[in-house]
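Between the sequences and the hints, there should be enough to build the whole structure, so can you do that?
Chains as they are written, first to last, in the working numbering: chain W, 69 to 439; chain A, 984 to 1224.
Simulated from the structure, these hints should not be mistaken for laboratory data. Accuracy of the hints is not assured; some may be wrong.
[Claimed, not checked] DMTMM-like cross-link-like pairs, simulated, lysine to aspartate or glutamate; straight-line CA separation at most 20 Å: (1) K137(W) <-> E167(W); (2) K188(W) <-> E167(W); (3) K353(W) <-> D1071(A); (4) K137(W) <-> E291(W); (5) K215(W) <-> E200(W); (6) K353(W) <-> D1052(A); (7) K254(W) <-> D276(W); (8) K215(W) <-> E291(W); (9) K341(W) <-> D1052(A); (10) K214(W) <-> E227(W); (11) K353(W) <-> E1107(A); (12) K254(W) <-> E211(W).
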Amino acid sequence: MTFFTIIYRGLQRRPVRTGLTLVGIAIGIAAVVALVGISRGFEQSWASGMKARGTDIVVSNMGSALAPKPFRAAVRDAIAVIPQVAATCAIFVDLTGIEDSSMMVVSAREWGGFSWQNLKLVAGRMPKDALEPALVLGQNAAEALKKKTGDSIQLESTELTVVGIVDGGALVENGSVILSLPLYQKLSGNEDKINIIDVRAVPGLNSDELKQLCARINHQIPEARAMPAGEHVGNSEAYRFIRAMSWGTSLLAVIVGVLGVMNTMLMTVFERKQEICILLAIGWKRQRVIRLILWESALLGLLGGIGGVTIGCAGVKVLETLPAIHGLLEPDLSPRLMVMAVTIAVIVGVISGIYPAWRSSRLNPSLAMQG
Amino acid sequence: MTEEPSNNVRTAAMRYVFEANGLCKDFDEGRVRALRGVNFRIAQGEFLAIMGPSGCGKTTLLQLLGALDLPTSGSLLYRGVSLPALPDPALYRAREIGMVFQAFHLLPTFTAVENVQLPMFEIERSASQRLKHAINLLKSVGLEHRLNHFPGMLSGGERQRVAIARSLANNPSVLLADEPTGNLDSENAHHILDLIIRLKRERQMTLVLVTHDPSIALLASRTIRMIDGQIAADPPAPQSH
Chain W
69 MTFFTIIYRG
79 LQRRPVRTGL
89 TLVGIAIGIA
99 AVVALVGISR
109 GFEQSWASGM
119 KARGTDIVVS
129 NMGSALAPKP
139 FRAAVRDAIA
149 VIPQVAATCA
159 IFVDLTGIED
169 SSMMVVSARE
179 WGGFSWQNLK
189 LVAGRMPKDA
199 LEPALVLGQN
209 AAEALKKKTG
219 DSIQLESTEL
229 TVVGIVDGGA
239 LVENGSVILS
249 LPLYQKLSGN
259 EDKINIIDVR
269 AVPGLNSDEL
279 KQLCARINHQ
289 IPEARAMPAG
299 EHVGNSEAYR
309 FIRAMSWGTS
319 LLAVIVGVLG
329 VMNTMLMTVF
339 ERKQEICILL
349 AIGWKRQRVI
359 RLILWESALL
369 GLLGGIGGVT
379 IGCAGVKVLE
389 TLPAIHGLLE
399 PDLSPRLMVM
409 AVTIAVIVGV
419 ISGIYPAWRS
429 SRLNPSLAMQ
439 G
Chain A
984 MTEEPSNNVR
994 TAAMRYVFEA
1004 NGLCKDFDEG
1014 RVRALRGVNF
1024 RIAQGEFLAI
1034 MGPSGCGKTT
1044 LLQLLGALDL
1054 PTSGSLLYRG
1064 VSLPALPDPA
1074 LYRAREIGMV
1084 FQAFHLLPTF
1094 TAVENVQLPM
1104 FEIERSASQR
1114 LKHAINLLKS
1124 VGLEHRLNHF
1134 PGMLSGGERQ
1144 RVAIARSLAN
1154 NPSVLLADEP
1164 TGNLDSENAH
1174 HILDLIIRLK
1184 RERQMTLVLV
1194 THDPSIALLA
1204 SRTIRMIDGQ
1214 IAADPPAPQS
1224 H
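Okay, here's the thing in structure tokens:
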């Protein structure tokens, strides 16, 4: 028999209560995995979308809304002449409900701009000109909207024909409704407005030089803010809000877990008061009793954490299969996130065990003589 | 003169295992006086019975001898070392003292052989050494056929045998027994008492046994009678061996 056997038996003593506590921790950790995984995945899929378009710098005005604020289209011309800027592409991105889908990325791109170049036709064709009442759908968007070439989609009260299905090389691209910028400006009444400029820098710039270029753009263009493509979404207020919400919700779930484990361990200490006193009476040091309680609560955390990661991953996978968001969600369920979640669970366990362990260490061994 | 507190109590060559002078123990902020100036000596290898009515302070005295509690005043020496001043009473309990309780106090989620191993965690022993020693101890109390039984599967007499084996886990020099036969029928009580006396003799331990039963006290080398927290009768302690 090892010390671990004693720890394990302590948890085995009340299997139902231990099981319910594990479920409580597991739900909290599942929330951490799912919410943080989805929000991180959101950021990563935007970054990979930028990469697929070959964008080095994004110029936008990310406010508190999910879509950037519009600004004058002429800004694009001002950026295009800045040294080390190789190419620019003006875009109007909006997040809007389309037919049965409650949230769809509409990406209206400067006709002939480089942001069209990464789109590979899977079916149909590209629009013939900038004002043809037509659009192309990313593969996942076509699947979510249940559309094929030749079908029509109502956008801003106008019926547009789906002329092509494309593979954009990234989840965000494949989940988008893509059309020409002039057409969308006309349909939405946003003539002469854009809200994103994709910028390609001259080849060979390192990250520091890219940041310097951003600084030059920001100096000259007060309407919007330039950022390296990878940092664009992460620095937006909306994304920060989403991230804060996901961590905030996770924190609440974790606090519930802490209280659950603490309650269980306190009950354990109260119920096993005489047992603990007997252990003290037969020579156990108080530090060993403290270690016993802390290890038990840490083990609860570890098992709950593993359960939570499993439930969280399974839950996200189930979410991914839902028709409304199928193909539009790319959660980050990386091993790093899972290790982090289990670590949080173990820390939760240990923190929850501190007070019960302290209580147990205050017990008087002479109580062993009673009863 | 009292030695400096140390846990190396076995090395101190003293005439008496325990010496108490003016030992007092109060509870409830002095409202309950459990021991009122108790004086006694217990010699090495002695079998001392403590008798007296309920509430006379017998168990409190045993608790103080086992360093389970601290006296309110007075001195209590173990082989010349002050017990209240011990830096690590747990080590004293682990190495020097074996305790047998009236209600056995086995841990219900551990088997007999596991219960016997519990005190050994404070002593440097590997898991296999602990197991081997626990099996030998259970054999010595006649329970080799009950090694993997949980307490709930054992009779009262068997449980007390396991508790006795547990009390011997770290080869103590003193056995403190609090009414060890109090929860047993007369036949089992007789067997348990025989076992304790045999083990005491074989291991040359000092035995302090609290009992209500005059017939058990007759087996002791000396009997202290307590009334109202004081010793009413205490024959002189023999010279320490």
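Status of each hint after checking the structure:
no. : hint                 : result
1   : K137(W) <-> E167(W)  : violated (24 Å)
2   : K188(W) <-> E167(W)  : violated (25 Å)
3   : K353(W) <-> D1071(A) : holds (8 Å)
4   : K137(W) <-> E291(W)  : holds (10 Å)
5   : K215(W) <-> E200(W)  : holds (19 Å)
6   : K353(W) <-> D1052(A) : holds (14 Å)
7   : K254(W) <-> D276(W)  : violated (39 Å)
8   : K215(W) <-> E291(W)  : violated (37 Å)
9   : K341(W) <-> D1052(A) : holds (16 Å)
10  : K214(W) <-> E227(W)  : holds (16 Å)
11  : K353(W) <-> E1107(A) : holds (14 Å)
12  : K254(W) <-> E211(W)  : violated (27 Å)
In summary, the numbered hints that this structure violates are 1, 2, 7, 8, 12.
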